[in-house]
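J.: Chains as they are written, first to last, in my numbering: chain A, 4 to 211; chain B, 4 to 211.
Hints may contain errors.
As the list claims (entries may be wrong) - Derived pair list, reagent style PhoX-like, types lysine-lysine, alpha-carbon separation capped at 25 Å: (1) B:Lys147 with B:Lys165; (2) A:Lys165 with A:Lys189; (3) B:Lys165 with B:Lys187; (4) B:Lys187 with A:Lys55; (5) A:Lys165 with A:Lys84; (6) B:Lys55 with A:Lys187.
Derived from the structure by calculation, the hints contain no laboratory data. Bear in mind that the values here come from a model prediction, so they are computed numbers and not experimental data.
Number of protein chains: 2
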Amino acid sequence: MKTTTEKISEAVVRRLPVYLRYLTELLTNGVQTVSSQDLGRRLDLNPAQIRKDLAYFGDFGKKGIGYDVEYLIEKIRQILKLDRDIAVALVGAGNLGKALSNYNVYLNDNMRIVALFDSHPSTVGTHINNLAVQPMEEMSDSVKQLHVRVGIITVPGSEAQKVADDLVQAGVEAILSFAPAIIKVKEGVRVHYADFTTELQSLAFYLE
Amino acid sequence: MKTTTEKISEAVVRRLPVYLRYLTELLTNGVQTVSSQDLGRRLDLNPAQIRKDLAYFGDFGKKGIGYDVEYLIEKIRQILKLDRDIAVALVGAGNLGKALSNYNVYLNDNMRIVALFDSHPSTVGTHINNLAVQPMEEMSDSVKQLHVRVGIITVPGSEAQKVADDLVQAGVEAILSFAPAIIKVKEGVRVHYADFTTELQSLAFYLE
């Protein structure tokens with residue numbers, strides 16, 4: 004492997020979970036090998052691009068045969084660090100938070116939302132998919148206790164920075180924010196934005 | 004301008020709405036000019052990157068002064084085609100659909116969700132932000148009637164392709180899908196994916 008975290012572009016890292024999902028589907032259907040052409044056709048990607056992406060991490064494919072599905076799944080899981088337990092906390096149990104909690108079933112066994120927090124007294128104590136919504140005051144202690152490494156922020160933009168500060172203070176190493184706000188964190192903490200408005204606005208660009 | 008839709012990378016197109024949001028914030032606060040350094044500091048981007056992004060579209064900045072905020076907003080809106088009316092339809096009025104409907108307030112006046120559809124009899128007829136949820140059977144006619152150009156899909160993965168087919172058939176030109184499924188559409192229709200699971204899995208990669 005010629006891999007270091009620094010060298011691999013974000014675009015490649017973002018495609019790996021897409022490969023993983025389709026490969027898992029193939030495995031479930033009993034498919035043992037897949038070619039980059041098959042992957043490309045199904046995922047609407049250039050096969051050469053796929054081969055290049057996967058070559059970053061080692062020499063997985065066999066000429067004329069393709070990739071061993073099970074082996075490739077294992078490798079991608081290792082690369083994405085999904086072979087270890089990763090506890091996730093979600094802050095903001097409104098409609099969006101509820102919707103995201105439902106995605107727990109799509110995440111793999113190792114990466115799971117283990118705690119929910121909200122500031123509204125009417126929401127605190129309710130259950131979403133068997134998890135009780137905790138008050139914000141318990142966030143810091145719970146995050147430490149449950150060894151939460153990833154935080155999901157689904158609070159209004161005006162509250163996002165404060166929540167991020169508290170999460171990072173409690174030990175969270177990576178944040179996925181759905182709030183329409185730029186978040187500042189200390190060096191070493193990774194923030195990704197899942198921003199509906201910018202997604203939609205950038206889509207407008209491609210209209211004729 | 005040296006612009007054509009084809010030549011500009013998706014990464015640049017995705018940054019433009021981010022610039023737009025911050026510039027709008029500046030304008031609201033009465034700020035008239037901004038430097039690429041200021042923009043970079045606030046948005047955690049390299050100022051040279053920002054200058055390069057904006058130079059794609061013309062020579063906006065003035066040396067030693069920076070960018071005229073109002074002019075730059077107007078230009079980015081033109082580039083993103085947000086200066087025209089764009090009607091958006093949302094299909095799937097569950098928790099996620101409800102949450103996204105609430106974002107209408109963050110979208111600008113020209114790009115708005117104008118119709119909601121759902122297949123559940125208990126959801127049809129309810130109102131979300133003053134819009135009635137319509138049955139799927141009305142989708143095709145309503146999309147044509149309202150000149151909907153963008154569709155948002157928030158239905159389960161298994162239903163996504165059928166919904167996309169119907170939207171495209173009715174004239175939709177671009178789709179933002181939150182469903183965990185690959186969607187196939189005819190040439191010329193743009194599909195973007197906002198996939199929570201892949202977002203979260205790619206974030207795991209950056210954990211130590």
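J.: For each hint, tell me whether it holds in the structure or not.
T.: Each hint tested on the structure:
Under the criterion of a C-alpha separation no larger than 25 Å, the hint pairing B:Lys147 with B:Lys165 is consistent with the structure, at around 17 Å. Distance hint between A:Lys165 and A:Lys189 is fulfilled; the C-alpha atoms sit about 13 Å from each other, no more than 25 Å. Restraint check for B:Lys165 and B:Lys187: the C-alpha separation of about 10 Å stays at or below 25 Å, so the hint holds. Annotation: proposed proximity of B:Lys187 to A:Lys55 holds, straight-line Cα distance about 23 Å (limit 25 Å).
Distance restraint check for A:Lys165 and A:Lys84: the Cα-Cα separation of roughly 28 Å exceeds the 25 Å cut-off, and the hinted pair is therefore not satisfied. Our distance criterion of 25 Å between C-alpha atoms is met by B:Lys55 and A:Lys187, whose separation comes to about 23 Å.
Violated hints amount to a single one, hint 5; each of the other numbered hints is respected by the structure.
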